[in-house]
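Chains as they are written, first to last, in numbering that gives the first Met the number 0: chain U, 0 to 708; chain V, 0 to 130.
Be aware that a few hints might be false.
[Claimed, not checked] Residues on chain U that point at chain V, a partial pick, calculated with CB under 10 Å:
{"hint": "1", "residue": "E409"}
{"hint": "2", "residue": "G410"}
{"hint": "3", "residue": "Q551"}
{"hint": "4", "residue": "V553"}
{"hint": "5", "residue": "V572"}
{"hint": "6", "residue": "G577"}
{"hint": "7", "residue": "A595"}
{"hint": "8", "residue": "G598"}
{"hint": "9", "residue": "L617"}
{"hint": "10", "residue": "S656"}
[Claimed, not checked] Pairwise CB distance ranges, derived in the manner of DEER restraints:
{"hint": "11", "chain 1": "U", "residue 1": "V539", "chain 2": "V", "residue 2": "T103", "range": "38 to 44 Å"}
{"hint": "12", "chain 1": "V", "residue 1": "G53", "chain 2": "U", "residue 2": "V539", "range": "35 to 41 Å"}
{"hint": "13", "chain 1": "V", "residue 1": "T103", "chain 2": "U", "residue 2": "V627", "range": "40 to 46 Å"}
{"hint": "14", "chain 1": "U", "residue 1": "P363", "chain 2": "V", "residue 2": "T103", "range": "32 to 38 Å"}
{"hint": "15", "chain 1": "U", "residue 1": "E321", "chain 2": "V", "residue 2": "T103", "range": "35 to 41 Å"}
{"hint": "16", "chain 1": "U", "residue 1": "R697", "chain 2": "V", "residue 2": "T103", "range": "38 to 44 Å"}
{"hint": "17", "chain 1": "U", "residue 1": "A659", "chain 2": "V", "residue 2": "T103", "range": "40 to 46 Å"}
[Stated by the list, open to error] Just a sample of chain U residues kept apart from chain V, beta carbon distances all over 12 Å, derived:
{"hint": "18", "residue": "K542"}
{"hint": "19", "residue": "A554"}
{"hint": "20", "residue": "I579"}
Just so you know, the hints here were simulated from the structure itself, not pulled from any lab data. Glycine is no exception: its CB is placed at the ideal position from the N, C-alpha and C atoms.
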Amino acid sequence: MLLGVIRDMSFARAAVITVLLTPSLSAASLHAVGQGIDLRSCDGQITARRRCADAECETRSDSVARLSTQAGLTYQGGQWEIALAGSSRCWAPAIAIGGDTDGVLHVWPAAEINGTFGDAAPAEPLRAEFLLRADPTLVSSKCDVTGLRWRCAAPATSSQLRLVLDQRTPHYVPRLSLTTGERKDLGAIQFHRGASIAGVVALRGRHVDAEVEMTPTGDSAAGPARRLVLKEASDGLFQFAGVPPGHYRLAVRRPGWQMAEVKAFRVNENRESFLSTPIELKKAALIDLLITPPLAPGGPPWHVKLERAAVGGAQTPVSETEATVGGEWRNDMLPAGNYIVSVIDLQGSVFLQQRIDAMPDDEPRFLSVAKIQLRGVVRVGRQPFESRVIFTDMDGSKIAFRADAKGHFEGILPHEGRWQVQVRNPQETFYVKDSSVDVKRTSQEAVADVAIALPGGRAKGRVTNESGDPIDADVIVFREGKGIADAGAYLPHGRFELSGLEPGPVTLQAVSRSGESDAVSYLAAEESPASAELVLRKIVNVKTRVISEDGQPVAGAMVRYTAATMPRSRQAVSGPLGDIDLRLTGDTRRVFAAVAAVGFPSTIAMLDAQEPVAAIVLKTKAALLHVVHQSNSRWALVTLDKQAFLPVTSLLPLTPSGLAGFVDDGVEISVAPGAYMFCDDVRPDSTCQRVMLAAGERLTVQPAGGAKK
Amino acid sequence: MKTALFLAAMAVAHPQSGWLGIGFTFNVTKAPSGRTVWLFVQQLAPGGPADRAGLRPQDVITAINGRPLWFSQGAEALRYFSEVRLGDRIALKVKRSSSTFTITVVAGKVPPDIAERRRMNEAMAVPRRAQ
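Given the sequences, and given the hints that come with them, work out the whole structure.
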């Protein structure tokens, strides 16, 4: 192994340079170049040692003066290690030549560095590596050690020095300047065992001051982050010593420049991880804001929230910091790009939101937050409502007010116009309702008045399991079969209170992940609503499959299903293998299902709910079913047993424009041949018609009038 | 297991944002053999990129660009679709009833109303339950 001249910008590749020694009979030439020195003034000898296999087999010495001739020196018969020995005036690094590789020996005026080991002299050899300033070339030199003292021959020039001892933390001298014949004492140097991290921070190739932060990542149990502040004299060179082995991340910061990161690298025991590429800093983008008025409502400074707007709409928080009392705010360490700036007050209300393309050296931006006085009242039914009222607009503004016990609130909005308003209870445990209001003043100086009126109907009650124990569950309110609210105050012991309902009859149902209650008829009232008792029954998942007649799984089939014990129908979709989960209460014995799948006529089926449930088989033969529908009436119900019913629209498949099959007077559906029963209501005394459809047949069903083919 | 309906169309109208125009539900099938994630196409924006490419409601999406769906939750799937760039080609492996095939959708420009809806939804996020 030989160490030689390496043209490189850093120490990174200096640690081990291996020259492959291969026997050869060819000749190689050696020339020399004086680096600020006349070669004829050099004393000493050029020594050459030829290696054969693992042994030295030939040595040769020549005067340096012979190298200064144009012909140079010629070496034959394989690989040679070349060194300048015994010279007091000149210094050159050892190099290897031979085979097809000619060599050039760079010769500098000689100098010396020396010092002492801080503790006991090490057994390992000491090596000095010089990264030359004039021409970024790395040269190295073996050092002599006598007791605690060490000395290394050195080139008389300006360089960065690294002193290297195996398994010890290297020692750096960022700026070493030696004159011809100088002997520089570097004093006592401790070479500690252990791992280290080193590298260079550069700015357009120039070394600069910066702050470097090292943070353990992943499986490192290496303690907290460590920081180094680099001075300009450090030439951008940094080193963290005594680093436990593990994975690390480096971040480099410098005012006015983007943060640079080395995201993940490994540090091994008793080794230095020298970052092979200098960490280049790039000029940062600047966001410089001047906000008028300079202070938020009530007098405190504005806060500015900064988010990075990623492609596709995702936003990443960057910072939230206070502007000055003069309304000034700036961040000059940003990567160039698209940002969202929000001007907010201490309560978190967003008065202004703006998208900004940040570039280096951007001019200051003037953000003007207009203010209009707002006064309002919130009522739920006839009662004032103590609440938190949140105004939002389409530009991202979001202003919150507190309405007092009389429902009154006042404050500042950034502009007139249409606002979406959300009313929440003071503890923000639920919201009552969204509505929108127009905010308008009668004159520029006037206060804008708004009145927010919400329906005053309430519902309350308790949810228990079948043993009577209170249970947490969501309560859904249905009116005419449609869910109208599923939010409210959920109190301890299974109690619930729902507000903001239109007074009148509704249906309540409690649902949770594991159960659901019967649907209970209820009267939502402003004054003293009755307490509903909702008993949650356990839900079980019953698995089945949807397959074709030849046994192939059918994916994407929509299965609407119900049972005599279920208060409402549910929908499930078959997965890639035709698999489907039906959610049923534990006491369900039979399930009635309507299935709509692409490429198959719709069908109905009665399933035995006790597992294993037979697969739903879709047939390919079809008939055409026409069900007449009269406006202002319910859709006809389809059933097989007059116990479980589904609306006939459950047989409709989906198309890009919605459910498919609607015609002027009802629906026309491709269905599997077989028996169907249609009823106009779920009541036992309702009118029902049983029909039998054959393949290829078309049948029209009138809700209360019979069928005709 | 169906968890929610997501409109993948939702994305802030950044100039490079892409849009497929698919409304889907996120589903996970758990079986002894493993966990399968799939999307059920519930809606398509009429004339939108996915509609033009031939995707249809009731299609089941099982892979994207050759990779079986990896999302751990619906929000992750929504995020993936909302971060699509204009002009991206997204190959969807589709099961339609008993057939399996691939449909390539080229992301189009996000319509302004979709972007506004997204912003409004974010602004109006509300707490659902007391602790």
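Cβ separation check - U/K542 to all of chain V, threshold 12 Å: Contrary to the label, U/K542 does not stay out of reach of chain V, its closest Cβ about 9 Å off (not over 12 Å).
Distance restraint evaluation - U/A659, V/T103, Cβ atoms, bounds 40 to 46 Å: violated (25 Å)
Under 10 Å is the threshold here; is the Cβ of U/G598 close enough to any Cβ of chain V for the hint to stand? holds (5 Å)
Under 10 Å, Cβ to Cβ, is where U/G410 needs to be relative to chain V, so tell me if that hint holds or is violated. violated (18 Å)
Report holds or violated for the interface hint on U/G577, using the least CB-CB distance to chain V and a cut-off of 10 Å. With a minimum Cβ separation of about 8 Å from chain V (threshold 10 Å), the hint on U/G577 holds.
Consistency of beta-carbon spacing, V/T103 to U/V539, with hint 38 to 44 Å: Holds - the Cβ-Cβ distance for U/V539 and V/T103, about 41 Å, lies within 38 to 44 Å.
Status of the given 35 to 41 Å range, CB of U/V539 versus CB of V/G53: holds (38 Å)
Classify the label on U/A554 as holds or violated, using whether its beta-carbon is more than 12 Å from each beta-carbon of chain V. violated (4 Å)
Hint check: is the beta carbon of U/L617 less than 10 Å from a beta carbon of chain V? holds (8 Å)
Given a hinted range of 32 to 38 Å, is it respected by the beta-carbon distance of U/P363 and V/T103? violated (47 Å)
Quick check on U/A595 please, does its C-beta sit within 10 Å of some C-beta on chain V? Check passed: Cβ of U/A595 comes within 8 Å of chain V, closer than 10 Å.
Assertion that U/I579 lies outside the chain V interface [Cβ separation over 12 Å]: violated (9 Å)
In summary, the structure is inconsistent with hints 1, 2, 14, 15, 17, 18, 19 and 20 from the numbered list given earlier, while agreeing with the others.
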